[in-house]
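Build the complex from these two chains, which are given one at a time in their own frames, with help from the hints.
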Amino acid sequence: MCGIAGILDFTGRRPERSLLQRMLERIRHRGPDDCGIYTNKQVGLAHARLSIIDLPSGRQPMHNEDNSVSIVFNGEIFNYLELREDLLRRGHKLLTQSDTEVILHLYEEKGEECVHDLNGQWSFAIWDSENEKLFLSRDRLGVRPLFYTITNQAFLFGSEIKSIFALTQVSREIDVVALAQLFTCWVTIPPRTIFKDILEVPPGHSLTVKQGKISVRPYWQLDFTEGSEGAGGANGCEEQYAEQLLELLIDATRIRLRSDVPVGAYLSGGLDSTVVSALIKKFTDTPLTTFSVSFDDPQFDESSYQQQAVRFLDTNHQDVRCTCEDIGQVFPDVIWHTEKPILRTAPAPLYILSGLVREHGYKVVLTGEGSDEMLGGYDIFKEAKIRRFCMNHPESKIRPLLFRRLYPYLQNLQGQSNAYLQAFFRVRSDETKNEFFSHLPRWQLTSKLKSFFSDDVSSQTASYDTYEELRGILPQAYSGWDGFCQAQYLEAQFLLPGYILSSQGDRVAMAHAVEGRFPFLDYRVVEFAARIPPTLKMKVLNEKYLLKRCAGGLLPPSIARRFKQPYRAPEGKSFFNGARIDYVDDLLSPDRIRKDGIFNPLAVEKLVEKFRQGRAIGTKDNMALVGILSTQLLLEQFVRNFGESATYAKHRAGNSAICHR
Amino acid sequence: MQNIEQEIRQFVTDNFLFGQASIRLSNYDSFLDQGIIDSTGVLELVAFLEEKYQIKIEDNELTPQYLDSIHKLVKFLETKVQSSR
Numbered sequence: 001m002c003g004i005a006g007i008l009d010f011t012g013r014r015p016e017r018s019l020l021q022r023m024l025e026r027i028r029h030r031g032p033d034d035c036g037i038y039t040n041k042q043v044g045l046a047h048a049r050l051s052i053i054d055l056p057s058g059r060q061p062m063h064n065e066d067n068s069v070s071i072v073f074n075g076e077i078f079n080y081l082e083l084r085e086d087l088l089r090r091g092h093k094l095l096t097q098s099d100t101e102v103i104l105h106l107y108e109e110k111g112e113e114c115v116h117d118l119n120g121q122w123s124f125a126i127w128d129s130e131n132e133k134l135f136l137s138r139d140r141l142g143v144r145p146l147f148y149t150i151t152n153q154a155f156l157f158g159s160e161i162k163s164i165f166a167l168t169q170v171s172r173e174i175d176v177v178a179l180a181q182l183f184t185c186w187v188t189i190p191p192r193t194i195f196k197d198i199l200e201v202p203p204g205h206s207l208t209v210k211q212g213k214i215s216v217r218p219y220w221q222l223d224f225t226e227g228s229e230g231a232g233g234a235n236g237c238e239e240q241y242a243e244q245l246l247e248l249l250i251d252a253t254r255i256r257l258r259s260d261v262p263v264g265a266y267l268s269g270g271l272d273s274t275v276v277s278a279l280i281k282k283f284t285d286t287p288l289t290t291f292s293v294s295f296d297d298p299q300f301d302e303s304s305y306q307q308q309a310v311r312f313l314d315t316n317h318q319d320v321r322c323t324c325e326d327i328g329q330v331f332p333d334v335i336w337h338t339e340k341p342i343l344r345t346a347p348a349p350l351y352i353l354s355g356l357v358r359e360h361g362y363k364v365v366l367t368g369e370g371s372d373e374m375l376g377g378y379d380i381f382k383e384a385k386i387r388r389f390c391m392n393h394p395e396s397k398i399r400p401l402l403f404r405r406l407y408p409y410l411q412n413l414q415g416q417s418n419a420y421l422q423a424f425f426r427v428r429s430d431e432t433k434n435e436f437f438s439h440l441p442r443w444q445l446t447s448k449l450k451s452f453f454s455d456d457v458s459s460q461t462a463s464y465d466t467y468e469e470l471r472g473i474l475p476q477a478y479s480g481w482d483g484f485c486q487a488q489y490l491e492a493q494f495l496l497p498g499y500i501l502s503s504q505g506d507r508v509a510m511a512h513a514v515e516g517r518f519p520f521l522d523y524r525v526v527e528f529a530a531r532i533p534p535t536l537k538m539k540v541l542n543e544k545y546l547l548k549r550c551a552g553g554l555l556p557p558s559i560a561r562r563f564k565q566p567y568r569a570p571e572g573k574s575f576f577n578g579a580r581i582d583y584v585d586d587l588l589s590p591d592r593i594r595k596d597g598i599f600n601p602l603a604v605e606k607l608v609e610k611f612r613q614g615r616a617i618g619t620k621d622n623m624a625l626v627g628i629l630s631t632q633l634l635l636e637q638f639v640r641n642f643g644e645s646a647t648y649a650k651h652r653a654g655n656s657a658i659c660h661r
Numbered sequence: 662m663q664n665i666e667q668e669i670r671q672f673v674t675d676n677f678l679f680g681q682a683s684i685r686l687s688n689y690d691s692f693l694d695q696g697i698i699d700s701t702g703v704l705e706l707v708a709f710l711e712e713k714y715q716i717k718i719e720d721n722e723l724t725p726q727y728l729d730s731i732h733k734l735v736k737f738l739e740t741k742v743q744s745s746r
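If you read the sequences in order, they're chains A and B. According to my numbering, the first sequence is numbered sequentially starting from 1. According to my numbering, the second sequence is numbered sequentially starting from 662.
These are calculated hints, taken from the structure and not from any lab test. None of the values given here were measured: they were computed from a predicted structure.
Facing chain A, a subset of chain B residues (Cβ under 10 Å, in silico):
| # | residue |
| --- | --- |
| 1 | THR674 |
| 2 | LEU678 |
| 3 | PHE679 |
| 4 | ILE697 |
| 5 | ASP699 |
| 6 | LEU704 |
| 7 | ASP720 |
We treat Cβ as the ideally placed atom computed from N, Cα and C, and that holds for glycine.
If we strip away everything but chain B, and leave its shape as in the complex, we get (with noise of 0.2 Å):
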């Protein structure tokens, strides 16, 4: 999971914050709050996670409840993950 973790936080400074480590983002901070993401936002880290890790995410599953931190994502992640197997 150190990995997807990696991968995550690589994909938010690229996308997001635009490579800019000068802003510091702790796995717990919401991506909501912090103001990193809006509504286009969330399409593009959704397709970026379908796209990587090769899982569907559902209607009922785009919710800040799984997708708003570091955190949420990679533990959802590892639910999903397993579910498909």
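So that you can see chain A by itself, here it is in the shape it has in the complex (with noise of 0.2 Å):
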């Protein structure tokens, strides 16, 4: 696990190092162990290093054997073994263990193919000298990012966006465009990023530099098609379902422990990770390390069910407890990490926890995600349910009630009154033929917090329609898939990536060199996974069931038989519990407000009064707070300082450092 960053000069010059240099300083954070630039013709790769795999000769830049042919990677390939059988066999040459060399050599043999390959989680830089040709790719689920930018004169990429800004030539602008589509779906959609002119490379997809032409391809897609290939054989009963899932499961698990440094996981205290230490305990002989995150108050505090995991389990356990004024302390250094703006704070108590993780020594942790999204988790797909049942039968007093299965956590809903229960899950008559039938109460909901925008702001989006832009990439076949099904593909296609993989999961867990692997994201598990028919995935209203049926007898039964319950993070009491915080005075003041120009100032003036008396529980409330906030703080430490020293996250200029070559 480690940053890449790189420079292809279109003026034909060969990059100068001190570019590439400041472009690695930016990111240290991700590979604090060794780093290393190269420069050939027009073109400059740099990586910082995080040591997991083949430890003394696996340093990058890395090359073929006549130079032809070098990379920069950050990722795992979990089945670089096999890979490498298969590559010797053909008469390869391989100098090292690492992992790196068996894609170089894919590479050599099959071309952009070679990703077809790989099982793993990517994204790397090939730079072909004799075609001169650079060659970008990114894992099919998004797990590592990618970014890039064209400017006149250079194409210019890296692992995360600062190390782009580290160029003075790049323009650090907000685009309002991604910010209305935050403020509707969670997300911005690729390859828009919230910085304008800045790409991201979407998951599954391929990019290549040639002679001045970028071309960007899908190389892999999700699909929930019925029988489609790549099912490994994905019909039958539901015992063979179960058997199939829990072999793919254990394999996934297996190959994701290959390491030359121990590795943890984390423990939430849910279905997901549980399985995955169950996983690791019964089928492996790794001695395991569990980390987990508990909470001073109850309402988000999984700490009792953490315990029963790790007696049952018998791990070695580490925790850290996390407060209100944790998460307002390190939120500028999140927001520094995610680098974009999140409406909500789960973000902060996983960075705090690879903390943790690293203070302990570690730096590879397997977790749960992608189960939810695969095998049918969320409530939002339970919800969905319900309310196509209460569609067919819209004056049923009884249907609602319902509805009271859902968000059992969720204390002002559970206390509403039926009538009124009846009307926030009512279908509309337009509604029931929407393909986004399943979010469209979530992302009408959040599209309120577009009201905070300034005027000016309101009118640079005022034509713009993120659910066109949606409609537009959708996958032929979405209309024809099960709505669960297509409930499944926008989580997974779009939150998953877009939230779940990078402002929860990579870059608060890179921001102190942790690498998280996940079996449930094992593209096998996730294939099969798509296949199986929505209603083993969610039997009535029982959510994850074919997992539960397949693993649940590895764990704790408290667990196996638990509810949902969603990792959430305390919200406005964060920043408004007592003390005042400064850079939350600061950046929330009118004053601010205005010269910022994104939102309006009396709007946000009436929010923070309201979080100031108490009186804000709501979840729109508390997701204008965040996403508010964390806007106002990408301004501050991406546009207005970049960098700078007196900005109110921890981070400083960047780690200084010698690199070889």
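Structure below.
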């Protein structure tokens, strides 16, 4: 796990090493162990290394025997041992034990098609000197980040946007259309990012630059079509599905333990992370250390379940207790790492947790991400199911009672009368055929945050329609999929890479040089899960039914039986809880809001007042606060005072180090 | 009642529209249809009404039928206040 960056100069000049060094300094947190820079013709590649596999000889940039192909790589190829065997059998000479070299040789043999053979999480760049071609690729689900921009003179790329901003010729400006997207569906829609003209390579895509021409194309797509290829034979009865799923999960976990350093696991107390820990304990010889975050506030705390899992699985366990004050304190650092606004504070405790992991000398953790998306765990799936059921008989007084089964942890919702429950979840006639049926309540609620935009931003985004854009990029087959699968697709295609794996995943873990690995996101598991009949994923209203069926026996019964509790963290209270926090006061002050120009000063003032008086308890108000504050922090740290030590986060101008070659 | 109408409008504007006069709200606009009120909003509204007008809103009165627009609220409060006299 590492950070990569690079430059391809369109004018044919060799990039200066000092520029690459600057790009690297910004992302040294991703790879504090070593760094390297390589220039060849018009290309420069830079790499910051976190050593995990082949510690002595896995240095990068790495080259083939005649230096005609060079690579910088961030990530892991979990099936590298099998691929290596194949390559040796076909006569390749490999000089190291690393997965990086495997990609190089596969590229030599198969060119851009090499990515189909890889099972892993990656972003890499290959410079093919003979063909004068730069080839970039990002893993199927978007675990690892990869950004780029095109200036008059060069193509620039990096693991994080801040490495691209390290070059002064790149302008730094918020893209208000991206902000409108994020204030609707919680993410920006790739390739767009929150910064104007900074793009991301979308998950499952490759990009090539040759003779100044840039092309981006998908090499893999999420496909929920029944009976299509790649299912791994996903047909048959419930029993068979359960057996196949367990078999795949065991193997996905096994190959994710390949590492030359010790591997730990996150344990939230929920089903998915406990399954992962149980698989490690039960099916491998790896000694297991687990890590979790607990909260003072019982509304968020899951430590009793964590303890049950620890006792049951007998792991060496470490815990960090997180308070509202902690969240308020680290929030500027968190935004420095997420590089985009967020609507929830949930990434902050995970940032603190990765610090704990690092303190204990671990660089790698396995976690349960991807299970809710692929195996049907989220309440939004359940909500859509009940809404459809009520829609069939809109006058029923009984059916809306089912909504009480939803969100049992949301006290405000549970306190509602039946009449209001019915009203909140009712389906309007124009929604029944809408392709975003499952997500409309969430997105419509989130869209209300746009009323905080300044007049200027409102008028700039008035004619922009996020739904229209999303509609335009849905796969052709989408309209034929079951409604449950459509909802899964929206979660897995957009929220998973755009928030869960990035703001709540890679970015806050790599802030402390910790790499996450996700057995549920092994592409074999994903392709298999996509074709499990929806009724087995959620049986009536029993979420992740098949997972419970196949792995429930490995868990403490209380966890196997548990209703889904989504991971959440305190929000408003983290910023308004007695003592004043300087950056909150500054960045949300009417003066500052007016100067920055994104939000309406009066509206923000009223919102802040509501929080100060302790009256803001609703989801919408809390999302608005976190969204506005994180946007203001982004402006401060990336647009106004990029990288200056005077900003609120603890980060400084970056670590300098002398790079080899 | 003119007064009550203004007080309610002020509360809704400050609390749910964050003072933004640009969002026009007629007395008959449904809070639900306009997306002004979410599940917490109902609780905030009820807390406000109970405190401000010294009334007790019963469970069976927690319905959009009584609470979902400025006009409905004014009517509701009229009957409530009268019945408590």
